[in-house]
Amino acid sequence: MNRPRPLLPLVACSAAALVAGCRTDDDFAPPTPPDMSALVSAYAAPTGRLDAEAALEVVQGLAARAGDLKKALLLTTSIVSAVKGVEPDSMATTEGGLVTTRTQALNAIFEFWQEVQWACYGPDGAEAPIDPQWGRISLNTLGGQAGLYPVAWGGFERCVMPFEGERLQVINGDLKAHIPWGEAEGQPFVLDFDGSWLDDAGDEVSARIDFAVIGESLALLQTTSSGSFRVDVAIESIQDILAGGGLTLKDADSEWRCTVSPGLDGGACSVGERTVQW
Amino acid sequence: MTAACATALLGTFGARDAHAGHSADPDVDYLAETLDQWDFRLSLTRVDVGVYENVSVGSYYWLPLIKVPEVHARWTFFQDARWAVAAQLGYMRVEPKDFDKAAESDAKLQIVPFELLATYTVRDDLRASLGFAYTESAVSSGQLAKSSKASGGDGVVDSAEASLGASTGRLDAAFEWRLGDVLALSAEAQALLFQNAGGAATETIQVDPRTQIVLHQKGSADLNTGARGNLGFGATWAWEHFHAKLGVYRGAIVVPILGTFLRNPWPLLPEVDLSWRF
Numbered sequence: 001m002n003r004p005r006p007l008l009p010l011v012a013c014s015a016a017a018l019v020a021g022c023r024t025d026d027d028f029a030p031p032t033p034p035d036m037s038a039l040v041s042a043y044a045a046p047t048g049r050l051d052a053e054a055a056l057e058v059v060q061g062l063a064a065r066a067g068d069l070k071k072a073l074l075l076t077t078s079i080v081s082a083v084k085g086v087e088p089d090s091m092a093t094t095e096g097g098l099v100t101t102r103t104q105a106l107n108a109i110f111e112f113w114q115e116v117q118w119a120c121y122g123p124d125g126a127e128a129p130i131d132p133q134w135g136r137i138s139l140n141t142l143g144g145q146a147g148l149y150p151v152a153w154g155g156f157e158r159c160v161m162p163f164e165g166e167r168l169q170v171i172n173g174d175l176k177a178h179i180p181w182g183e184a185e186g187q188p189f190v191l192d193f194d195g196s197w198l199d200d201a202g203d204e205v206s207a208r209i210d211f212a213v214i215g216e217s218l219a220l221l222q223t224t225s226s227g228s229f230r231v232d233v234a235i236e237s238i239q240d241i242l243a244g245g246g247l248t249l250k251d252a253d254s255e256w257r258c259t260v261s262p263g264l265d266g267g268a269c270s271v272g273e274r275t276v277q278w
Numbered sequence: 001m002t003a004a005c006a007t008a009l010l011g012t013f014g015a016r017d018a019h020a021g022h023s024a025d026p027d028v029d030y031l032a033e034t035l036d037q038w039d040f041r042l043s044l045t046r047v048d049v050g051v052y053e054n055v056s057v058g059s060y061y062w063l064p065l066i067k068v069p070e071v072h073a074r075w076t077f078f079q080d081a082r083w084a085v086a087a088q089l090g091y092m093r094v095e096p097k098d099f100d101k102a103a104e105s106d107a108k109l110q111i112v113p114f115e116l117l118a119t120y121t122v123r124d125d126l127r128a129s130l131g132f133a134y135t136e137s138a139v140s141s142g143q144l145a146k147s148s149k150a151s152g153g154d155g156v157v158d159s160a161e162a163s164l165g166a167s168t169g170r171l172d173a174a175f176e177w178r179l180g181d182v183l184a185l186s187a188e189a190q191a192l193l194f195q196n197a198g199g200a201a202t203e204t205i206q207v208d209p210r211t212q213i214v215l216h217q218k219g220s221a222d223l224n225t226g227a228r229g230n231l232g233f234g235a236t237w238a239w240e241h242f243h244a245k246l247g248v249y250r251g252a253i254v255v256p257i258l259g260t261f262l263r264n265p266w267p268l269l270p271e272v273d274l275s276w277r278f
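Residue numbers (our numbering), protein chains in the order written: chain A, 1 to 278; chain B, 1 to 278.
Isolated chain B (complex conformation) (with noise of 0.2 Å):
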């Protein structure tokens, strides 16, 4: 049961994040184009819209439903015959006030996922893109609540401020091969180049009346979670306004947006999106 809903969650929300929405179509996400000027995509999890020459612009729009802006842009400034190259640059914010109006925390995490793509047209039936994605994650706690007590100490937390933040580099590689007007196949790899976090705090602890303390902390982590990269084959039938595409994977689960790597404990996970083009 756990592993159904966790297949169908990954599916919906696009587990390969970087590939979802693959179509037949020159303008999708593992090659390095954009959509057409006002060309609108709708998948299950998004929507992008070309915006100008080159540029588009979306959002996964079930985040900002649920009080979470999230929102990226794509601009392929370089091609010719044979080259594009594209940059992919989002951001998301969450915070829990927008949640709970009476939270005391000031706590906001912000992801900023970046990534730099390249596509080759080998063929015209056949094209490789490699690309670089860097997420930066970072949350800063704000205040927190004041005169907590020290957990097991005697000392009481006057006051406390901390952040924290993560960081992952990757390496995107897709091949393309078109099979007719309607149907691609596409092998894509994701590797982890590298994962690692950090952090900051500073206590104030009234250790007695005559006594206090201002502790600063830092830290830093290689955050190894023992996935290292994922494998996956895919269809993708591309009609005028429907695109489908069905495939699966095996290796790492990549976390969408937060772009951090997760060891899977299944062999195989499916790959299923959907999208509308208007």
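Pulled out of the complex, with its shape left as it was, chain A reads as follows (with noise of 0.2 Å):
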């Protein structure tokens, strides 16, 4: 017997590696979490510097952005309710205990990511029964030894939430959020929706917004041509910003207090000895 016959180990090797397919860690593979690297950047450390001028077009282009303000709370309450499912806290007793157990027992690599789906509350409010018709939000999120990655992304999925009183609002599309936790914390939390909502005739019209949950604020990115502002205005305010007030407007240097008089066409922003008037 002088022959050699390549073919059984050729076979061997291939019925192995069969039934260690069975334990193949290819049906687990993570989605690739989006980007949202420069969007946090750009709230974190706007470019503008603020004069009278520029005072000026931030506060006129947040006027014709009254509405974004609206739809952000919105959003922000919509979602604050999925996201709490997801959060480190939440997790402790799950993911948490398992990364301990191992990483102590084993020189170990470990991740894991959730799906977290949560159901829109509907015409009728949150008591109301559960029910599929009125949509709901997907978000993804993942994790790893480090902790959770501060990225989420999903959408909403015709999410029926009461808005104003009586309206209702139907909320589709894609949905991106930078959640300041664990690696990440001390930066803003910041959301990029991309989708659909009602206007104010009930329409359904397309819509896109980012905006960033800074301690009880919600705040814009405002673009003009001196460079970028943040604009942060209380959440207590969002619902009669054009009645005038204040805000917090963020440029290259310093945080400036602002006054705006109704209709936001006049106002005062100061910090320090500085004050800007337009």
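These aren't lab readings, by the way, just hints derived from the structure by calculation.
Idealized CB from N, CA, C, for every residue including glycine.
Just so you know, not all the hints are guaranteed correct.
[Unchecked claim] If you want a taste of the chain B side facing chain A, the calculated C-beta under 10 Å gives, among others:
#, residue
1, 198
2, 205
3, 211
4, 212
5, 215
6, 216
7, 217
8, 219
9, 221
From the two separate chains plus the hints, produce the assembled complex.
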């Protein structure tokens, strides 16, 4: 028997690989999260320098986007309920415990991802029974030994939410959220929505909006001829922003406290000894 | 007492699995050769039979007796005056349902050991073997019981599914010195090349009535048990129908079939194997 017979080892290796494939990790390949770093940087570090001309341009732009602020508030209200299911504290008893166990026992590499689905309220609000016809919000998040990756992404799927009293809102579209947990702590909570919702006449219109949640305020990024500025409006003031009041305006150097007149056509901002009026 | 029991078990079940059943005849485990056609070998732990020219099949017969199917086959696919090269492939499966018909779990453990072995005849009385063994073990949980409470949390695990796998690679080396027609001395060594594990799981968790999370997790680890290899010496008496081997070895315990290296707390372990040829 001098003939080499390479077939058996080949078959044997293939059989071993086949069974090995029973535990393949490919079935669990995580999706690739979107890159929000440019948008987060834009909110964290505006490029403009405030003067009277820029202030007027920013505030007029804000007046034109008053509707955006209201929509941003609605989006925020909607996704906060969905996001609460994926925040690190609520995950501590599931993945957190597993991470601890594995890393103690082994020199391990560990990662996880989760798909969160949240049932929208529908016309009767939060206390109403869950009904699939009112749509849902889906969010994906990734994580590993270092904790949760800061970007969650997904979308609104014909999500019906109460809006301004008796009116309903139907939201549909993609959502990306940069959530400042884990290593991203201290960075802004930024949301980027691209989809459609109902306008004031109840017609579905396409819309794209990005905004940030800074403390108790919602922030919009206003780009002017002299650079970008971040405008922070207290959530409690959003519904009546055109009536004037206070807001914070962040430029490349400082955070300005501003007081604006009704209609947003006049006002003043100050920081330290410096004041800008328009 | 514990040590004595462990020693007895290791002797019975062939801790140095790849080398058990050793005889001065050429068709033994650590040599790249097989039983002659329709030759049977019955040892304390397994039975083998030559089914074709240079092909043998066998089983650890006590495993099927406890409803754990195990089978292995070896083919010496090349042989000349100096060299012989063989490949061996095995398969074992364990399912809880085989032991308990009422078991809810669909869990299944599958093990595929594979070995490629070459033997070189230095002189008529001196032979050397070198082999590479690769063992793949895979556990799939199937669908686990529904609606179990997540440990320590508020969520309810609606469903869960997991798979785990481990792979081990080792190098086997052996020298055989025949001192006559009956007696042969041997030196054998096994060295761990790698031993790692990976796993993945998917759980569906109902956080609250509106929020559902599908959590995917995966991880991998280097299973460093501190066991790196072993070295043993033995003497085999091979009469026409009865073979006996006595030996000692020092170092890692290699789990039969599974191929896992475990740390050995004892300085020396005995090795005993008896077999009948007919």
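Okay, the hints, checked on the actual structure:
1. A hinted interface residue such as residue 198 (chain B) counts as satisfied when its beta carbon comes closer than 10 Å to some beta carbon of chain A; here the least separation is about 6 Å, so the hint holds.
2. Because the beta carbon of residue 205 (chain B) sits about 7 Å from the nearest beta carbon in chain A, less than 10 Å, this interface hint is met.
3. For residue 211 (chain B), the interface hint holds, the least distance from its beta-carbon to any beta-carbon of chain A being 4 Å, beneath 10 Å.
4. For residue 212 (chain B), the shortest C-beta to C-beta distance to chain A is roughly 5 Å, which falls under 10 Å, so the interface hint holds.
5. The interface hint given for residue 215 (chain B) holds, since its Cβ lies 5 Å from the closest Cβ of chain A, which is under the 10 Å cut-off.
6. Among the interface hints, the one on residue 216 (chain B) holds; its C-beta lies about 5 Å from the nearest C-beta in chain A, closer than the 10 Å criterion.
7. Of the supplied interface hints, the one on residue 217 (chain B) holds, with its beta-carbon coming within about 4 Å of a beta-carbon of chain A, less than 10 Å.
8. For residue 219 (chain B), the shortest C-beta to C-beta distance to chain A is roughly 4 Å, which falls under 10 Å, so the interface hint holds.
9. Residue-level restraint check for residue 221 (chain B) holds (minimum Cβ-Cβ distance to chain A is 3 Å; threshold 10 Å).
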